[in-house]
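Asker: Here is what each chain is made of, one letter per residue.
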Amino acid sequence: MRIPHRLLPVLTALVVTVTACSSAGASQGAADAAVLKLQDPGNAGPLAYAKKTGILEQRLAKVGAKVEWGGSYASFTATIDAVRSGSVNVLQGAISPVLGYLANSKDIKIFSFTDRVTDPAAPKTDGLVVPAGSPVKDIKELAGKQVAVNKGGRGEYLLLLALEQAGVPVDQVKRVYLNPDQAASAFATGKVDAWWAIVRAYPEVIAKGARVLVHSNALPDQDISIYAARNELLDRHPEAVRTYLDVVRELTEEAKKSPEKFQNVFLQQGPTALSGERLQIELDKSRYANPPRPATAADGAFVTDVASIFTKYGVLPAAIDPASVIHEFRKAAA
Amino acid sequence: MSTLAQSPALPAEAAGTLETPRHLGVRRRPAALSLTVRLSVPLLLLLAWWYGSASGALSPDVLAGPGAVLGALGELIATGQLGEYLAASAVRAGLGVAVGAGLGLLLGVLSGLSALGEELIDPTMQMKRAVPFLALVPLFISWFGVQETFKVVLIAVAAAGPMYAYVYLGVRGVDRKVVEAARGFGLRGARLAFGVIIPSALPNILMALRICLSISLTGLIAAEQIGATEGIGYLVTLAQQYYRSDYMVLCIAIYAVLGLAIDLAIRGVERLAMPWRAHLAAR
Numbered sequence: 001m002r003i004p005h006r007l008l009p010v011l012t013a014l015v016v017t018v019t020a021c022s023s024a025g026a027s028q029g030a031a032d033a034a035v036l037k038l039q040d041p042g043n044a045g046p047l048a049y050a051k052k053t054g055i056l057e058q059r060l061a062k063v064g065a066k067v068e069w070g071g072s073y074a075s076f077t078a079t080i081d082a083v084r085s086g087s088v089n090v091l092q093g094a095i096s097p098v099l100g101y102l103a104n105s106k107d108i109k110i111f112s113f114t115d116r117v118t119d120p121a122a123p124k125t126d127g128l129v130v131p132a133g134s135p136v137k138d139i140k141e142l143a144g145k146q147v148a149v150n151k152g153g154r155g156e157y158l159l160l161l162a163l164e165q166a167g168v169p170v171d172q173v174k175r176v177y178l179n180p181d182q183a184a185s186a187f188a189t190g191k192v193d194a195w196w197a198i199v200r201a202y203p204e205v206i207a208k209g210a211r212v213l214v215h216s217n218a219l220p221d222q223d224i225s226i227y228a229a230r231n232e233l234l235d236r237h238p239e240a241v242r243t244y245l246d247v248v249r250e251l252t253e254e255a256k257k258s259p260e261k262f263q264n265v266f267l268q269q270g271p272t273a274l275s276g277e278r279l280q281i282e283l284d285k286s287r288y289a290n291p292p293r294p295a296t297a298a299d300g301a302f303v304t305d306v307a308s309i310f311t312k313y314g315v316l317p318a319a320i321d322p323a324s325v326i327h328e329f330r331k332a333a334a
Numbered sequence: 001m002s003t004l005a006q007s008p009a010l011p012a013e014a015a016g017t018l019e020t021p022r023h024l025g026v027r028r029r030p031a032a033l034s035l036t037v038r039l040s041v042p043l044l045l046l047l048a049w050w051y052g053s054a055s056g057a058l059s060p061d062v063l064a065g066p067g068a069v070l071g072a073l074g075e076l077i078a079t080g081q082l083g084e085y086l087a088a089s090a091v092r093a094g095l096g097v098a099v100g101a102g103l104g105l106l107l108g109v110l111s112g113l114s115a116l117g118e119e120l121i122d123p124t125m126q127m128k129r130a131v132p133f134l135a136l137v138p139l140f141i142s143w144f145g146v147q148e149t150f151k152v153v154l155i156a157v158a159a160a161g162p163m164y165a166y167v168y169l170g171v172r173g174v175d176r177k178v179v180e181a182a183r184g185f186g187l188r189g190a191r192l193a194f195g196v197i198i199p200s201a202l203p204n205i206l207m208a209l210r211i212c213l214s215i216s217l218t219g220l221i222a223a224e225q226i227g228a229t230e231g232i233g234y235l236v237t238l239a240q241q242y243y244r245s246d247y248m249v250l251c252i253a254i255y256a257v258l259g260l261a262i263d264l265a266i267r268g269v270e271r272l273a274m275p276w277r278a279h280l281a282a283r
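Sequences listed follow chains A and B, in order. Quick note on the UniProt record's numbering: the first sequence kicks off at 1 and runs consecutively. Quick note on the UniProt record's numbering: the second sequence kicks off at 1 and runs consecutively.
Keep in mind that the hints are not guaranteed to be accurate.
Derived, one-sided and incomplete: chain A residues facing chain B with beta-carbon distance under 10 angstroms [stated by the list, open to error]: (1) Gln39; (2) Tyr49; (3) Ser75; (4) Thr77; (5) Ala82; (6) Ser87; (7) Val88; (8) Glu204; (9) Leu267; (10) Leu274; (11) Gly276.
With a Cα cut of at most 20 angstroms, we get these calculated SDA-like pairs of lysine to any residue [to be verified]: (12) A:Lys151 to B:Pro138; (13) A:Lys52 to B:Glu19; (14) A:Lys208 to B:Gly56.
These are calculated hints, taken from the structure and not from any lab test. In this text, a Cβ means the ideal position worked out from N, Cα and C, and glycines have one as well.
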């Protein structure tokens with residue numbers, strides 16, 4: 001039994017190493033000196049352009065702030081984990097997915113809303129789709145069918161809203177929770193009867209011949225795009241967040257006039273590069289896009305409306321007080 | 001079993017004479033034949049894929065054709081991303097496997113060698129092995145952030161389990177007589193472990209390394225979905241997010257080639273480290 005005595009120091013060393021590693025990891029997130037931690041902006045859009053040209057860095061430097069470009073995230077859930085751990089402190093999204101986060105943790109606030117595009121000439125950005133050969137012609141016929149939606153997100157909100165509008169009891173339609181990329185496969189192979197396709201998935205599925213039952217702009221859709229930031233950043237450095245919003249707004253305005261330079265920003269080739277039809281759709285979207293604007297107390301109505309649909313059908317456990325999740329810049333400055 | 005049935009041992013023994021057993025010897029298959037047979041199944045699969053796509057039996061929505069996948073490969077090479085992605089993933093996987101498999105090896109040897117070690121380590125490692133490492137992702141993000149540390153730790157944790165299990169098994173299986181003989185010559189502690197026990201457990205350790213490297217590929221997909229801007233796992237995420245079925249198939253092909261490379265590398269190490277196993281006993 002000599003070996004066990006030799007084991008003890010080794011085991012002690014192991015425990016010490018593991019403890020040291022974890023405490024080093026924990027202290028990483030604590031540093032906070034006006035640093036905007038953003039997700040990777042990808043290959044298109046105002047932020048990708050800002051990253052390439054360094055505009056955001058220049059403007060933030062004037063208010064003594066910096067920007068840290070992070071990586072990309074496969075899903076909103078993964079992004080949320082990063083926000084919770086402080087690895088990302090400014091994020092973009094829609095009201096619906098952020099509500100799920102706000103229901104559990106109150107460490108972020110919405111500081112900007114983007115009004116919905118109302119121009120009928122603007123390209124459609126989402127729709128409840130059925131396969132080309134589907135017998136379903138109307139949303140009322142969806143009773144007893146399976147519809148793919150992203151859980152607690154825009155897809156689920158729009159489906160609930162559409163069913164309510166059409167007078168179809170919500171529990172008669174089976175909601176199948178799938179992320180957009182999974183839903184695309186399930187829909188293409190007929191594993192689900194319908195799908196509320198959003199963002200990039202929508203033009204893809206239309207190009208493959210899917211038929212649209214209803215678009216979000218035919219509904220009283222209140223689930224608009226937002227920007228949110230972690231509370232400590234908004235409380236301590238509102239001017240940095242404000243500058244970020246100003247830059248995004250100006251670049252969105254610029255992209256309306258000359259959308260070409262906001263597409264394929266870093267790469268002309270590869271999985272993120274767009275060409276042909278796909279590129280044209282994105283250029284059209286940019287031409288009609290509304291720039292984000294600072295949040296006001298009146299925007300609480302959007303939050304309340306979306307939350308009420310979610311709480312009514314049990315997606316969210318409790319109603320959310322809009323005043324506790326909206327950050328107003330002017331009020332903060334005064 | 002057939003050799004047993006055909007064995008003339010029983011009648012020979014009955015006759016009172018002993019028959020000299022047939023020498024097993026070294027039976028090498030001709031290299032060209034072996035290589036052809038080895039390549040035939042993958043080539044057949046490739047051919048079926050190519051024919052299926054060319055004849056229209058496989059729609060591009062179901063499975064992108066070889067032409068589209070080669071095009072995607074060309075794009076990645078042209079932009080220099082392929083090299084960058086492979087290098088980034090290799091660093092993560094290499095560090096993760098080095099740390100995880102190293103730890104698994106250490107714990108496996110400790111647990112296999114001493115009763116106290118086993119009592120202290122084994123229950124925890126068995127519990128750890130039952131926890132799918134993917135379930136730890138949210139926790140690890142809050143502990144280690146989303147940068148490189150998180151990715152390396154995730155792969156390390158994934159790699160530690162199989163290495164521990166195989167090494168523990170290997171060390172327990174070391175021939176007692178060999179250990180006793182080595183002790184008789186005065187070998188103790190580290191010298192006994194490195195001189196006798198680890199070499200005897202080497203087949204298990206190399207098998208574990210094979211599994212660790214394969215698991216690190218799974219770990220890469222999970223780790224690089226989060227906060228990454230390069231890597232082959234990140235490429236999988238991009239392909240899914242941008243609905244590029246050509247890139248999805250390309251990712252599968254890259255993983256397949258990596259699997260082959262890992263297998264070849266470990267075979268090479270086996271030949272170098274265990275020359276006595278050049279002809280397998282059971283054949």
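Asker: For each hint, tell me whether it holds in the structure or not.
Answerer: Evaluation of the provided hints:
1. Gln39: OK, holds: Gln39 of chain A within 10 angstroms of chain B, min 8 angstroms.
2. Tyr49: 17 angstroms, violated
3. Ser75: With a minimum Cβ separation of about 8 angstroms from chain B (threshold 10 angstroms), the hint on Ser75 of chain A holds.
4. Thr77: Holds - the Cβ of Thr77 of chain A comes within 10 angstroms of chain B, reaching about 9 angstroms at its closest.
5. Ala82: Ala82 of chain A check passes; min Cβ-Cβ to chain B is 5 angstroms, inside 10 angstroms.
6. Ser87: Holds: closest Cβ of chain B sits about 4 angstroms from Ser87 of chain A, inside 10 angstroms.
7. Val88: 8 angstroms, holds
8. Glu204: 5 angstroms, holds
9. Leu267: Holds, because the Cβ-Cβ distance from Leu267 of chain A to chain B comes to roughly 6 angstroms (cut-off 10 angstroms).
10. Leu274: 8 angstroms, holds
11. Gly276: 13 angstroms, violated
12. A:Lys151 to B:Pro138: With a Cα-Cα distance of about 18 angstroms, the restraint between Lys151 of chain A and Pro138 of chain B holds, given a limit of 20 angstroms.
13. A:Lys52 to B:Glu19: Answer violated: Lys52 of chain A to Glu19 of chain B is near 82 angstroms, above 20 angstroms.
14. A:Lys208 to B:Gly56: Holds. Lys208 of chain A to Gly56 of chain B sits at ~16 angstroms (cutoff 20 angstroms).
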